[in-house]
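As they're listed, the protein sequences go chains L and X. Each residue of the first sequence is one higher than the one before, counting from 1 in the numbering used here. Each residue of the second sequence is one higher than the one before, counting from 398 in the numbering used here.
Keep in mind that the hints were calculated from the coordinates and are not lab data. In this text, all values refer to a predicted model and were calculated from it rather than measured experimentally. Each hint should be verified, as a subset may be incorrect.
As the list claims (entries may be wrong) - Here are the computed lysine to any residue pairs in the SDA-like style, where the Cα-Cα straight-line distance is at most 25 Å:
#1 LYS4(L) x GLY383(L)
#2 LYS498(X) x LYS93(L)
#3 LYS430(X) x ASP529(X)
#4 LYS473(X) x LYS180(L)
#5 LYS411(X) x LYS93(L)
#6 LYS473(X) x THR492(X)
#7 LYS473(X) x GLU311(L)
#8 LYS534(X) x THR23(L)
#9 LYS411(X) x GLU129(L)
#10 LYS390(L) x LYS411(X)
#11 LYS390(L) x THR405(X)
#12 LYS7(L) x ARG476(X)
#13 LYS473(X) x LYS93(L)
#14 LYS498(X) x LYS52(L)
#15 LYS412(X) x GLU311(L)
#16 LYS7(L) x GLU508(X)
#17 LYS180(L) x LEU170(L)
#18 LYS52(L) x THR128(L)
#19 LYS390(L) x ASP566(X)
#20 LYS93(L) x ILE83(L)
#21 LYS540(X) x ASP529(X)
#22 LYS120(L) x LEU155(L)
#23 LYS7(L) x LYS412(X)
As the list claims (entries may be wrong) - Just so you have them, the derived chain L footprint on chain X, three or more residues with Cβ under 8 Å:
#24 477–486
#25 500–508
#26 560–574
As the list claims (entries may be wrong) - A few chain X residues that don't get close to chain L, going by computed Cβ distances all over 12 Å:
#27 GLU402
#28 LYS411
#29 ASN420
#30 ALA471
#31 VAL474
#32 GLU517
#33 ARG531
#34 LEU535
#35 ILE557
#36 ARG581
#37 GLY584
#38 GLU620
#39 SER626
All C-beta atoms, glycine included, are put in the ideal place defined by N, C-alpha and C.
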Amino acid sequence: MSWKNIKLIFIKELLGTIRDRRTIIAMIIIPLIFYPLLFAGIGYFSKLGSIKSEEANSKIIIDGAEFAPQLVNYLREYEKIEIFILEGDSPAKLQNGDIQAILVIPPDFKYKIEQEEPNKLILKYDDTEAKSRIAKQRINQIIEKYKDEILIQRLSRLDLKEEFLTPLILQEENTATAEKMTGSFLSALLPYLIIILIFTGAMHTAVDITAGEKERGTIATLLVSQISRLEIVLGKCFAVMFISFTSMALGLFGLTLAFLSGASIAGGIEGVKFGISVNTIFLLFLILFPLVGLASAVLVMVGIFARNIREASSYITPIYMLTIFLGIISISQGMELTGKMFLVPVLNSSFVFKELLMGKIYWNHILTTFSANMVIAGLALLGATRLFSKEEVLFRS
Amino acid sequence: MIQVEGLTKIFNDKKRGKKVAVNHLNFNCRKGKIFGLLGPNGAGKTTTLRILATMMLPTKGKVIVNGCDVVKEASKVRRQIGFLSSETGLYDRFTPRETVKFFGRINGIEEKIIEKRIAEIFHNLDMENFQDVRVNKLSTGMKQKLSIARSIIHDPPVLILDEPTVGLDIITARTVIEYVKSFRDQGKCIIYSTHIMREAEKLCDMIAIIHQGNLIAQGTLKELKKNSSFDDLEEIFFELINQGEN
Chain L
1 MSWKNIKLIF IKELLGTIRD RRTIIAMIII PLIFYPLLFA GIGYFSKLGS IKSEEANSKI
61 IIDGAEFAPQ LVNYLREYEK IEIFILEGDS PAKLQNGDIQ AILVIPPDFK YKIEQEEPNK
121 LILKYDDTEA KSRIAKQRIN QIIEKYKDEI LIQRLSRLDL KEEFLTPLIL QEENTATAEK
181 MTGSFLSALL PYLIIILIFT GAMHTAVDIT AGEKERGTIA TLLVSQISRL EIVLGKCFAV
241 MFISFTSMAL GLFGLTLAFL SGASIAGGIE GVKFGISVNT IFLLFLILFP LVGLASAVLV
301 MVGIFARNIR EASSYITPIY MLTIFLGIIS ISQGMELTGK MFLVPVLNSS FVFKELLMGK
361 IYWNHILTTF SANMVIAGLA LLGATRLFSK EEVLFRS
Chain X
398 MIQVEGLTKI FNDKKRGKKV AVNHLNFNCR KGKIFGLLGP NGAGKTTTLR ILATMMLPTK
458 GKVIVNGCDV VKEASKVRRQ IGFLSSETGL YDRFTPRETV KFFGRINGIE EKIIEKRIAE
518 IFHNLDMENF QDVRVNKLST GMKQKLSIAR SIIHDPPVLI LDEPTVGLDI ITARTVIEYV
578 KSFRDQGKCI IYSTHIMREA EKLCDMIAII HQGNLIAQGT LKELKKNSSF DDLEEIFFEL
638 INQGEN
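Kindly produce the complete structure, drawing on both the sequences and the hints.
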């Protein structure tokens, strides 16, 4: 085996891939330009929407206003609330969006207040409408304030202090550092994103340089050269690994940019602090490397087996679906892997990623994951090389 | 230069069972000669040439290319051969210069020699004016010239050409034939498969007629004519096929 030959194939595949317009679109334009613009756009419009909803007055109808004039006055004092008199079909108006909420006051309101009995008010609103939700919040605030006032009056009648109602105070203190909070937030989604980006990054190139070579008839020209089958497979696999890793890195960078731009436009971000140590980064790479190798080797093997690009794509689809499935399992809350489960490829990496991002280092998990994925990647490479030596696979028509 | 003895290739197909693609072929090709394999589609020409080019293994028989066994010394054989077929493609995203350089490198040629050979070949094949244009922008004729250049960059003594003119227009096909002749004049041993009678007549020093995997006749055009009641190669071909089937 000659590294020089492997390098020749690696460079050839890399150059061919980089010169493909589709690669540039998928690797650079979509993550680095499209995602940030898209998220910035979403952030801008959602902010615009929420500003409009916040600024607008809430139009409400009070059904039974005459039974609680004091409360109605309270509501009237709030400058962002417009009160309308009940006329016609008020629920239909709520449905149409003409008004945002209906407050129903019972006829015995005053009597029950005097008798110190619980009073039941009904607030009708539409939870699917932002303006209606805001109206609900506003009315809630006012009702709470009014309620407090009644309570204070009752307490003073009984000659009791306000503190009478708060015998206990529970003060919560979050001991997690900003770094840990950020790690926890990242660990929820990042492993899934990494896995998906690795596979999507590898897919196109893996198919193009294997099944694509068969389809275009260039494979025979490689087979009659001085380069061995193993060198060809390794060169191709390394090229797929490189592209897969780069597109993952660019994808993550693009998504971070997109998230930051979108979130900062929508309302700013607070408390994000990256606290990943150099050791953790090294360990992340230790897990990342066999995963990228595994994805590339499996996809290259499938690509070599397939007759053409179409066939390869149809073989790869279930593999991709399985990867998404494993990724989704990994982001589900509360799920924990035990011993042998760390032998399951993809799933193991995503759990170790999670642990590392949370600042937990379990060497047995790391070593099991690393070894399991390396062995499977090696087997896939061996399989790919064997397939590449089989004439019935190479010359299937 | 090429000795083929008892060459047999049997494919095991799960659906269709065993299929004898090539049955006990014997022939020799010499230096400075063009040996034509003439036969219809599916006769076994491509399989034979793929075995000669080490892409497939024979089921039985022996093939020696310039003193090297295709099974035991495949790598050495590959150094001796240039392979070109109608099915071989080119890398669309590379220029002719990059393509030929790459094939020079993967055939283990030194950089200096590659540069020298490229200059020589591009001049001879009149490729200088499109050497830096990407392959996907080239015409069919230009592409075929590049395919030839790619297959001879390592200056192989043996050329294996599998229907190299299929799908080409008449002008490009003629150009290819002229180059093949010039390679013969340079002393290369050429094995040339075709189903076009005129091409075989014009080009080949020796012709082997192959039908359903069997070699049914071989000799010079003169010898084939002598053993037949016809004077035209096409008629001779059908006569031999009919004899074979009866």
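Verification of the supplied hints:
A hinted pair counts as satisfied when its Cα atoms are at most 25 Å apart, and LYS4(L) with GLY383(L) qualifies at roughly 23 Å. Between LYS498(X) and LYS93(L) the CA atoms are separated by roughly 77 Å; this puts the pair beyond 25 Å, and the hint is violated. Distance hint between LYS430(X) and ASP529(X) is unfulfilled; the C-alpha atoms sit about 34 Å from each other, more than 25 Å. Between LYS473(X) and LYS180(L) the CA atoms are separated by roughly 61 Å; this puts the pair beyond 25 Å, and the hint is violated.
Our distance criterion of 25 Å between C-alpha atoms is broken by LYS411(X) and LYS93(L), whose separation comes to about 72 Å. Distance check on the hinted pair: LYS473(X) and THR492(X) sit about 28 Å apart at the alpha-carbon level, beyond 25 Å; violated. Taking the CA atoms of LYS473(X) and GLU311(L), the gap is near 35 Å; set against the 25 Å cutoff, the hint is violated. About 20 Å separates the Cα atoms of LYS534(X) and THR23(L), which keeps this hinted pair within 25 Å; it holds.
Restraint check for LYS411(X) and GLU129(L): the C-alpha separation of about 64 Å exceeds 25 Å, so the hint is violated. Note on LYS390(L) and LYS411(X): the hinted pairing holds, with a Cα-Cα distance of about 15 Å set against a maximum of 25 Å. With a C-alpha separation of about 18 Å, the suggested pairing of LYS390(L) with THR405(X) holds against the 25 Å cut-off. Between LYS7(L) and ARG476(X) the alpha-carbon distance is near 20 Å, which keeps this suggested pair within the 25 Å criterion.
This hinted pair does not check out: LYS473(X) and LYS93(L) have alpha carbons roughly 88 Å apart, beyond 25 Å. For the hint pairing LYS498(X) with LYS52(L), the CA-to-CA distance comes to about 64 Å; that exceeds 25 Å, so the pair is violated. Taking the CA atoms of LYS412(X) and GLU311(L), the gap is about 20 Å. The hint holds against a cut of 25 Å. Between LYS7(L) and GLU508(X) the alpha-carbon distance is near 15 Å, which keeps this suggested pair within the 25 Å criterion.
In summary, the hint linking LYS180(L) to LEU170(L) is supported, as the alpha carbons are separated by about 24 Å, within the 25 Å threshold. Among the hinted pairs, LYS52(L) with THR128(L) is consistent with the structure: their alpha-carbon atoms are about 16 Å apart, no more than 25 Å. Annotation: proposed proximity of LYS390(L) to ASP566(X) is violated, straight-line Cα distance about 35 Å (limit 25 Å). For the proposed pair LYS93(L) and ILE83(L), the alpha carbon gap of about 14 Å is at most 25 Å, so the pair holds.
Only pairs whose Cα atoms come within 25 Å are accepted, and LYS540(X) paired with ASP529(X) is accepted, the gap being roughly 13 Å. Under the criterion of a C-alpha separation no larger than 25 Å, the hint pairing LYS120(L) with LEU155(L) is consistent with the structure, at around 21 Å. In summary, the hint linking LYS7(L) to LYS412(X) is not supported, as the alpha carbons are separated by about 40 Å, beyond the 25 Å threshold. Here's how the segment 477–486 of chain X fares: 6 of its residues keep a CB closer than 8 Å to some CB of chain L, so the rule of at least three is met and the hint holds.
Counting residues of the segment 500–508 of chain X whose CB lies closer than 8 Å to any CB of chain L gives 5, which reaches the minimum of 3, so the coverage claim holds. By the rule of at least three residues with a Cβ nearer than 8 Å to a Cβ of chain L, the coverage given for the segment 560–574 of chain X is violated, with 0 such residues. Taking the minimum C-beta to C-beta distance to chain L, about 21 Å, the non-interface status of GLU402(X) holds against the 12 Å cut. For LYS411(X), the non-interface assignment is contradicted: its Cβ lies about 10 Å from the closest Cβ of chain L, within the 12 Å cut-off.
With 12 Å as the threshold on Cβ separation, the claim that ASN420(X) sits away from chain L holds: the shortest Cβ distance comes to roughly 18 Å. Interface exclusion of ALA471(X) from chain L breaks down, the closest Cβ pair being 10 Å apart, not more than 12 Å. Remark: the non-interface label on VAL474(X) conflicts with the geometry, its nearest Cβ contact in chain L lying 9 Å away (cut-off 12 Å). The beta carbon of GLU517(X) is kept farther than 12 Å from every beta carbon of chain L, the shortest such distance being approximately 20 Å.
The claim that ARG531(X) lies off the interface is violated: its Cβ sits roughly 8 Å from the closest Cβ of chain L, which falls inside the 12 Å cut-off. Listed as outside the interface, LEU535(X) is consistent with that label: its C-beta sits roughly 14 Å from the nearest C-beta of chain L, beyond the 12 Å cut-off. With 12 Å as the threshold on Cβ separation, the claim that ILE557(X) sits away from chain L is violated: the shortest Cβ distance comes to roughly 8 Å. ARG581(X), annotated as away from the interface, keeps every beta carbon of chain L farther than 12 Å; the closest lies near 20 Å.
Residue-level check passed: GLY584(X) sits 21 Å from the nearest beta carbon of chain L, beyond 12 Å. At roughly 32 Å, the least C-beta separation between GLU620(X) and chain L is larger than 12 Å, which holds for a residue marked as non-interface. With a least beta-carbon separation of about 38 Å from chain L, SER626(X) lies farther than 12 Å from that chain, consistent with its non-interface assignment.
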